[in-house]
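For reference, the chains in residue letters:
Protein chains: 2
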Amino acid sequence: MDQQIQIFDTTLRDGTQGEKVAFSAEDKLRIAQRLDSLGIDYIEGGWPGSNPRDMEFFELAGQASFDHAKIVAFGSTCRAHTPPEKDRNLALLVDAGTPAVAIFGKSWLLHVEKALQISAEENLTIIKDSVRYLKEHDKEVIYDAEHFFDGYKANPDYTLSTLKAAEDAGADVLVLCDTNGGTLPHEVSEIVNEVGKQIDAPLGIHAHNDCELGVANALSAVQNGCVHVQGTINGYGERCGNTNLCSLIPNLQLKQNYHCIPTDNLDQLTAVSHFVSEVANLNPDIRQPYVGRSAFAHKGGIHVSAVMKNEETYEHIRPQQVGNSRRVLVSDLSGKSNINYKAEQLGIELEKYGDKVPEIVQKLKQLENKGYQFEAAEASFELLAKKMTGAWEEFFTLEGFRIIAEKNISGNSRTEATLRIKVNDQVEHCAAEGNGPVHALDKALRKALIKFYPEISEMHLTDYKVRVLNEKDGTGADVRVLIDSAKRSDSWGTVGVSHNIIDASWQALTDSFSYYLAKQAKNIHQKEAI
Amino acid sequence: MDQQIQIFDTTLRDGTQGEKVAFSAEDKLRIAQRLDSLGIDYIEGGWPGSNPRDMEFFELAGQASFDHAKIVAFGSTCRAHTPPEKDRNLALLVDAGTPAVAIFGKSWLLHVEKALQISAEENLTIIKDSVRYLKEHDKEVIYDAEHFFDGYKANPDYTLSTLKAAEDAGADVLVLCDTNGGTLPHEVSEIVNEVGKQIDAPLGIHAHNDCELGVANALSAVQNGCVHVQGTINGYGERCGNTNLCSLIPNLQLKQNYHCIPTDNLDQLTAVSHFVSEVANLNPDIRQPYVGRSAFAHKGGIHVSAVMKNEETYEHIRPQQVGNSRRVLVSDLSGKSNINYKAEQLGIELEKYGDKVPEIVQKLKQLENKGYQFEAAEASFELLAKKMTGAWEEFFTLEGFRIIAEKNISGNSRTEATLRIKVNDQVEHCAAEGNGPVHALDKALRKALIKFYPEISEMHLTDYKVRVLNEKDGTGADVRVLIDSAKRSDSWGTVGVSHNIIDASWQALTDSFSYYLAKQAKNIHQKEAI
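Here the protein sequences come in this chain order: A and B.
Take the first sequence: its position 155, counting from 1, is numbered 155 in UniProt numbering, and each next residue is one higher.
Take the second sequence: its position 330, counting from 1, is numbered 330 in UniProt numbering, and each next residue is one higher.
Hint data in this document are derived by calculation from the structure and do not stem from the laboratory.
Hints should not be assumed to be uniformly reliable.
No copy labels: a pair is met if it fits in one copy or bridges any two.
In the DSS-like style, the derived pairs of lysine-lysine whose C-alpha atoms are separated by at most 30 Å in a straight line are [unchecked claim]:
| no. | residue 1 | residue 2 |
| --- | --- | --- |
| 1 | Lys447 | Lys465 |
| 2 | Lys20 | Lys309 |
| 3 | Lys487 | Lys465 |
| 4 | Lys153 | Lys309 |
Please model the complete structure; the sequences and the hints are all you need to start from.
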C-alpha cells in the first residue's frame with residue numbers, strides 16, 4: 001500500500017515572491033482551478049492582509065467551486081501584546097472564508113530578537129494564542145515554522161518549544177521551513193528524524209532552492225517521515241524558488257511508493273506547467289526536468305540511434321507518463337540518425353532522395369554557423385529539406401515592400417506597410433497598418449494572399465522573439481528572429497537571420513506562411529485521394 | 001584538514017549536448033582559459049572523433065598554456081573485434097595530445113546487448129584493451145562507466161565486473177555515471193557505498209538533472225566516498241543538463257569540509273557563470289542558485305525590512321562570497337522598505353519628498369498593471385521617481401520621427417530614420433541608416449544629441465528584447481521592450497510599453513539616453529563641488 005503525501009501548492013503566494021512572477025486575481029483563480037483538476041490537496045491563494053489583489057482572489061474563490069482542493073489563506077501570528085481577537089491580520093485570515101489557514105511563526109531566536117524584537121517567551125505566547133484562536137474559528141491550521149532548520153542548528157531546544165506551542169494549541173500539521181534555502185539534504189534527514197521523536201503531530205516540509213536542493217530536501221524530509229510537502233509549479237518563488245512540484249510529484253509517485261495525486265492525472269503535469277508559465281507570461285524553462293521541452297530531447301547522434309532501437313536506453317521514464325514527448329534535435333552535432341528521424345516525423349521521404357542527405361546536413365551546419373537555429377524552428381527546417389530535395393513549389397514571390405513608422409509632436413504613432421507580391425503571375429499590391437513593422441507586414445501579406453489562399457485567415461502569429469547575435473560586434477551584429485504561429489492547437493516555429501531585423505523577420509514570416517500553406521495543400525491532397 | 005575533491009568540467013563536451021548550446025573552437029578556448037583561472041582541475045574539451053570543430057579546439061589548446069587545469073579528450077572504447085592499435089577513435093584520442101583522456105564504456109547489459117549488439121564478455125575485453133592501450137601511451141585515464149546506476153540496479157555483478165576490467169587495466173579513476181539522470185540520492189548513496197567496498201581505485205560521479213537532483217546526487221556520492229565530480233557551468237548538458245558546478249562547488253566548499261578550487265577564487269563564480277552564458281549566447285537564468293541575478297533579490301516587504309536589520313535573517317551565505325550581490329526588487333508587493341532601500345541606492349533623497357513616497361508606490365502599481373516591469377529596468381524606475389519628486393529636467397524633447405524600411409525585388413534591404421528633436425529651444429533635424437528601425441532611430445538620435453552632449457559617444461546599446469504581452473489578445477496585444485545599455489563596465493536597463501512596438505522602443509531608448517545624461521551631469525556637478 002502506497003503512503004499518502006499531502007501536496008500543498010503555494011504558487012499563488014510564495015510563487016509570486018519570485019522575480020518577474022505576478023498574477024491578477026483572475027489569473028489566480030484560473031490557476032487554482034487547474035491545480036484542483038490536477039488533484040492538488042491544498043492551494044495557498046495569498047496573504048489577505050498584505051494587498052487588495054489577494055483579498056479579491058479570496059472573494060472570487062469563495063464563489064467558485066473546487067472538487068478536491070482546499071483553498072488556504074496565509075498570514076502571520078498575531079502581534080505581541082495584542083489579544084488575538086483584536087489582531088487585524090488574524091481577523092482578515094478568518095474573514096477570507098477558507099476552510100484552512102497557514103500561519104507562520106518564528107522558530108529562530110535570532111529572528112525573534114532581531115526582527116520581531118520581542119522575548120523568547122512572548123514568541124511562544126503569540127504562537128499558542130494565534131493557533132488556538134484560529135482553531136476556535138473552525139479552521140484547519142497549518143503551522144509554518146519559519147527558519148526552522150537554521151533555528152534548530154542554533155538552538156534545538158527553543159526551536160522544538162515553538163513547535164510544541166503550536167502542537168499544544170491544536171495545529172493540524174507542523175511545517176518545517178528551510179526559509180533561507182541553505183540546508184543540505186543530510187541535515188534535513190537528521191533534523192526531521194530528531195523532531196519526529198519529540199513531536200506527535202504530522203510534520204510537513206517547505207524548502208527553497210538556494211543550494212539547488214529544493215527537490216532533494218523535500219525528498220529527504222518525506223523519506224524521514226514528513227507527510228505534507230509545500231512547493232510551487234515550476235519551482236517559482238522567492239530568490240531561487242521553492243521545491244518544484246513538477247519534479248517532486250513524479251519523483252515520489254513514479255519512482256517510490258508514495259501517492260500524491262490521482263495516478264491518471266500525472267499526464268497533465270506538462271500541460272499544467274506550461275499553463276502556469278503562460279499565465280505568468282514567462283518563457284517555460286526548456287531544461288526543466290520531466291516537463292521541459294528538452295527533457296526528452298536527444299541531440300547526440302549516438303543517443304538518437306540507441307533510443308530508436310530501445311527507448312529505455314536514454315530515457316529514465318516514458319515521456320508520456322508526465323504528458324511530455326520525445327524530440328530529436330537537428331544540429332551540427334547531428335548524425336544521420338537525427339536527420340532520418342526528423343525527416344520521418346515530418347513526412348519527408350528521404351529514401352527517395354537518399355543521396356541528398358549528406359548535402360542537407362552540410363547546409364544545416366553552414367546555416368547554424370551563420371546563427372540560424374532550427375531547434376525551435378522545425379517548420380523552417382522542413383522547408384529547407386523540402387527545397388533541397390526538390391519537393392517544393394513557391395506559393396508566392398516578393399516584388400518589394402516598404403514600411404513607414406512615424407511619431408509626431410503630439411505623441412501619436414503610426415506604422416504602415418505597402419507590399420507587392422506575385423502569385424501565379426498575378427501581382428497584388430496591398431497596404432496595411434499595424435502595431436509595429438512586422439505586424440503591418442503580416443497584415444499586408446495576409447491581404448495580398450487571402451484571395452488565393454482563403455485558409456490564411458485561420459492561422460495567426462502567436463509570438464515574436466528577437467535575439468541579437470554576436471553582441472560583442474556592437475552595431476554590426478546580426479539578429480535572429482523566431483516567430484511562433486498557430487492554427488488552433490497546432491503550432492509551429494520559423495526562423496530568420498540577417499544583419500537587418502526587418503529582413504530577418506520577413507524570412508521567418510514567409511517561412512511561417514509557406515509552411516502552413518504547404519501543410520494545408522497536403523491535407524487537401526490527402527482528402528481528395530481518399 | 002579539508003578533503004580534496006577533483007573537479008572535472010565537461011561544459012565543452014556534455015554541455016554542448018544541451019539544446020541551444022553551441023560553441024566555436026575559439027569560444028571553447030576562451031572558456032577553457034577562464035575555467036583554468038578559476039582553478040578547475042580537468043577540462044573536457046570535446047570528442048576529437050565526432051566533429052572537426054573539436055579537433056580544431058585540441059589544436060588550439062595544444063598551443064595555449066594552462067596554469068593548473070589538465071585538458072581532457074573524450075571518446076569511446078574501441079570497437080569489438082578490432083585490436084586497439086587499429087581503432088580510429090583511440091588513435092584520434094592519442095593524437096589529441098592531451099595529458100588526460102576520458103573514455104566511456106558500457107556497464108549495463110541492456111546496452112551491451114541492444115545498442116552495441118555484442119556479448120557480455122566481448123564488452124569486458126574492449127574496456128580492458130582500450131584502457132591498457134591508452135595507459136601504454138602515457139595518458140592519465142578517466143574511465144566513465146556509462147549507465148552505471150541503471151546497470152547496477154539490473155545486474156550488480158556484471159556492472160562491477162566492467163569496473164574491475166577498467167581498474168585492472170590501470171584506469172586512474174572510475175567514474176560512476178547516471179547517464180539517464182533517473183537515480184535518486186538515497187540510491188546513489190547505497191550504491192556508491194557498496195562499490196567502495198569492492199573497488200580500490202578512486203571513484204568519481206557524473207550525474208544528470210532529469211529528476212532535478214543533479215547536484216544532490218553528486219553531493220550524496222561525495223559524502224559516500226567519491227573524490228572526483230564531473231559537471232558543467234550553469235548545469236548545461238543533454239536534456240535537463242548535468243550537475244551544476246556553480247552550485248556544487250559552494251555546497252561542498254562553503255558548507256562542508258571539502259576543498260575544490262582555491263578559496264580566493266570562489267568569488268569569481270558569478271562572473272564565470274555569466275561569461276559562459278554570454279559566450280553560449282543564452283540568457284542567464286535569473287533564478288540560478290548562488291550566481292543568478294535573483295539569488296539574493298528580496299521582493300517581499302517583510303524580508304526587505306528584516307535583511308536591512310540583519311543580513312543573516314534571509315540570506316544563507318553572504319552574496320559576496322560567490323561574487324554576487326544583494327538586490328531589492330520594486331514591485332506591487334513592495335512595502336515602504338523596498339522603495340526606501342531602492343531610493344537610497346539610487347541616491348534619491350526620499351526624506352526630502354517624504355510625502356511623495358505613497359504616490360510613487362501608487363504610480364508603480366498602475367504602471368505594472370499596464371505591463372511595465374522595473375525589476376530589470378532600474379534606470380526607468382529612477383527616472384520615474386525623479387520626475388515625480390520634481391528633481392528632473394528634460395535633456396531634449398521630440399518633435400517627430402519617421403522610419404522607412406524597404407526591401408526591393410532584388411532582395412536588398414534598407415532602413416532609414418529621420419528625426420527632429422529640440423534641445424534648449426534649438427531644433428535638430430537628422431537622418432541615419434541602421435540594421436533595423438530601432439538601430440536607425442538610435443543612430444539618428446545620437447547624431448542629433450552629440451553636438452550638445454558629446455559624452456553620448458561613450459555609451460551604447462548592448463541588448464534589445466521584445467516581449468508580447470497578453471498573447472491571448474492576438475493582434476491587439478501590447479508589447480514590452482527592454483533595452484540594456486552600457487558605458488564600459490557600467491550598465492543599466494530601461495523599459496517601454498505600448499500597443500506599438502516602435503513607440504515602446506522609443507520610450508526605452510529615450511529613458512536610456514536621459515538616465516545616462518543625468519548621471520554624467522551629476523558626476524560633473526560632484527567633481528565641480530570638490
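Hint check results:
no. : hint            : in the structure
1   : Lys447 x Lys465 : both (24 Å within a copy, 29 Å between copies)
2   : Lys20 x Lys309  : between (43 Å within a copy, 25 Å between copies)
3   : Lys487 x Lys465 : both (19 Å within a copy, 26 Å between copies)
4   : Lys153 x Lys309 : between (51 Å within a copy, 21 Å between copies)
In terms of the numbered hints stated before, the structure departs from none.
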